[in-house]
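Colleague: From first to last, the protein sequence lines are chains A and B.
Residues 1 to 137 in this note's numbering are what the first sequence spells out, letter by letter.
Residues 1 to 536 in this note's numbering are what the second sequence spells out, letter by letter.
No lab work stands behind these hints, which were simulated from the structure alone.
Hints may contain errors.
Keeping only pairs whose Cα atoms sit at most 27 angstroms apart, straight-line, the calculated DSSO-like set for lysine-lysine is [to be verified]:
no.: 1; chain 1: A; residue 1: K12; chain 2: A; residue 2: K75
no.: 2; chain 1: B; residue 1: K96; chain 2: B; residue 2: K110
no.: 3; chain 1: B; residue 1: K104; chain 2: A; residue 2: K22
no.: 4; chain 1: A; residue 1: K75; chain 2: B; residue 2: K104
no.: 5; chain 1: A; residue 1: K113; chain 2: A; residue 2: K12
no.: 6; chain 1: B; residue 1: K318; chain 2: B; residue 2: K441
no.: 7; chain 1: A; residue 1: K24; chain 2: B; residue 2: K533
no.: 8; chain 1: B; residue 1: K467; chain 2: B; residue 2: K285
no.: 9; chain 1: B; residue 1: K533; chain 2: B; residue 2: K455
no.: 10; chain 1: B; residue 1: K535; chain 2: B; residue 2: K462
no.: 11; chain 1: B; residue 1: K467; chain 2: A; residue 2: K22
no.: 12; chain 1: B; residue 1: K84; chain 2: B; residue 2: K104
Some, not all, of what chain A presents toward chain B, calculated at C-beta under 8 angstroms [to be verified]:
no.: 13; residue: F49
no.: 14; residue: E55
no.: 15; residue: S56
Think of the CB as a built atom: it goes at the ideal place given N, C-alpha and C, for glycine as much as any other residue.
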Amino acid sequence: MPKYTRPTLETKFHLDFLWWQKNKQNLHSYLLDQSCADIPVMPDGVSQFDWINPESGEVFQVDILWELIREHCVKKPHFIDEYTPLITAIFRAFIANNNTPLTTVELYRMIQKQSPELILRTIGGLIIHQGIRPVGN
Amino acid sequence: MKGSPILKQRRTQSPTYWQELFQVSSSDIEFITNRILEENRIFSLDEIGLLLVRHYCAVEEQEFITLQDGHLYQPKEHFEVGEKVMFAQMGFAAGKVTAVRPGKHPHYDKFSVMQVTFNESLPPREFVADFDYDHALNSGSALALTDGLGVLPPETIYETQRETIRATIKKNLDAHKEFIRFQDNYFLRDLLPDIQEGLFNIADAAIDIAGRPLPVDQMVEQMGLSENGHVTEMSRFLVNCRLAADSRFDDVGPKGQVLWYLDRLQPPEATAQPIRLQGKIISYKTDSFDSGLQGLLAQIDDELTPIVEIATIDTTFKTISLTLTHPHWRSGTLPLTPKTQAFFPISYYNPVLFEFIDGRTGNSFPGWVVLQYNYVFGLEKWYRRNVLPVGTYLHLKRTNNPTQVVIDYEAVRSQRDWVRQATADGSRLTFRMNQEAIGCKYDELMMISEANPDKIDTLWQKIRDQKTPVFDLLCSMFPELSKLSPQSTVHVKTLYTAVNILRRTSPGEIFHELTTQPCFLGMEHGYWSYNPKLKD
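Just chain A, with the same shape it has in the complex:
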């Protein structure tokens, strides 16, 4: 069993696509919840694309909605606002930066919610929310 290491303010987090696959979670449905009302229609016959990890080159087949939201919805003023729940805001921050790993301090700067320490307590525990977990775990 892998050893649990308590994350710190220096620990980088990301969205683990493997977590969605392993836990048989419906990423498509969750991404739909993040999309705005006027999101462009998906191209015919294209449901997934090869998402490329910007640091390691690892590839995950991810729902095409990810890319559509990233291109279109993230530019909307209410994509992350004061009414967006914390976990949703963190998830959306990772969509916006194409899942580049971030510390909770960097996340805080992006979402301006609570505090880096509270974000760390929320996503740094043993329970994984929406695949958000420390890089390397």
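Since chain A is already given, all that's left is putting chain B on it; use the hints.
Modeller: Frame of chain A, contents of chain B only:
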């Protein structure tokens, strides 16, 4: 050496490896033996440690070179099925390409996705290939990827993990009889010649005649073991090892110096802790201590106070003052604390003989630093001669010679002061105020004299045998001491001395009882009162 069961990684780069997994194997022993044989010289523990770390890194490097019949991964490269690939960003994990397919991305036209298997028992993972676009791993050459990834050189690894590696090696080498050690230097036992018994007698006589410890070089010469008039490293090691193994001789030199002395000329206190100092470092919680008590904890110079409880002290001061506590007054000693230790020559291997210089007369007399038990011995006669009471303010001063330390006190015109006096009365101590002649400055709160030392010794032994708890002693002494004060309060320093007259106790242990037992009530400035009704 153990390999990672899943991924081929540079284990030497991980601190966890050195801290938890590193063991000296039989092949390592063979490696060290061969190196000593080849070079036929003495190796220090640090040299052996660094040799082993270099050896481990070299073996590992060889494993990587073997693996490099494959590619170091870069997204822009082309890979074929069956090819070996190493991933620098994943701790040099090595895998095998098992499939390649066309990639699909709305922004990139043509690239491939390859499936890589790292271990048969794990599902394969996919990586981008033929990807000639902007990517962090595409900049520079493949080899450049290994740069700046924290691949530490053996010297840095050893420097950062030195203590752990040294301890592991030392433990292992000491368990192998083929090695002989003096302090932290090693050689092969079979290669070291014996010394005739007659030479030991010469060594004994040489020290006896000199009447002082002799440096190892002088011992080598006296024993006729120098080579053409030169003292070699090997003859020095030979004499050190042989004398260390003989119970007649003891090394009494400070760190970095070997000085041989005769065991029979040493006082017993150089190796055996005086009975009045014997106590345990008890762990207690300091959360309940207010800032006043925390300050007093650092003020009372007691070697039983854990170092973590004492604020950092500037060890470059030329002079320091300390207050003579009861246990040290009784034992003719001084405590070795973070405050005092920097003033004395120490050795991690043996007691150290040095000289006290009397600050009043300039006369010198021997002192012993016993780091093992954190005390300095040799002051019994000096305390008695100068009639110094418990609580005397003592001063230590450095000299240009690290083996000479000046000790002094502040003399005043002899005056008759009213001081607390303890008397052993049956199974308890009683206290009264008594007028005594005192010729020095002292801490009035710490000072308690003894009316009948012999009876106090008997009572002390009884308390020791019965293992009377500190709380019981406090409860029996508090009413006696509080009657001497109009406010019926007692200062913690007075309680510390009083308790230590009957039982070796650290200040923290006493403070812990005071702050956790409801019958004690804290007043201001370190004073406490006692309510016997709340005792139970």
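Colleague: Please go over all the hints and tell whether each is borne out by the structure.
Modeller: For each hint, the structure was consulted:
Pair hint A:K12 plus A:K75 holds up; C-alpha atoms about 24 angstroms apart against a cutoff of 27 angstroms. For the given pair, B:K96 sits about 23 angstroms from B:K110 by alpha-carbon distance, which is consistent with the 27 angstroms threshold. As the CA atoms of B:K104 and A:K22 are separated by approximately 22 angstroms, the hinted pair is consistent with the 27 angstroms bound. A distance of roughly 25 angstroms separates the Cα atoms of A:K75 and B:K104; the hinted pair therefore holds under the 27 angstroms criterion.
Among the hinted pairs, A:K113 with A:K12 is consistent with the structure: their alpha-carbon atoms are about 18 angstroms apart, no more than 27 angstroms. Taking the CA atoms of B:K318 and B:K441, the gap is about 21 angstroms. The hint holds against a cut of 27 angstroms. Restraint check for A:K24 and B:K533: the C-alpha separation of about 67 angstroms exceeds 27 angstroms, so the hint is violated. Taking the CA atoms of B:K467 and B:K285, the gap is about 22 angstroms. The hint holds against a cut of 27 angstroms.
For the given pair, B:K533 sits about 31 angstroms from B:K455 by alpha-carbon distance, which is inconsistent with the 27 angstroms threshold. Note on B:K535 and B:K462: the hinted pairing holds, with a Cα-Cα distance of about 23 angstroms set against a maximum of 27 angstroms. Distance hint between B:K467 and A:K22 is unfulfilled; the C-alpha atoms sit about 62 angstroms from each other, more than 27 angstroms. The straight-line distance between the Cα atoms of B:K84 and B:K104 is roughly 24 angstroms, inside the 27 angstroms bound, and the hint therefore holds.
Given hint, A:F49 at the interface with chain B, holds; its Cβ is 5 angstroms from that chain's nearest Cβ, closer than 8 angstroms. Look at A:E55: its Cβ gets to within about 6 angstroms of chain B, closer than 8 angstroms, so that hint holds up. Given the 8 angstroms rule on beta carbons, the hint for A:S56 holds: about 5 angstroms separates it from the nearest Cβ of chain B.
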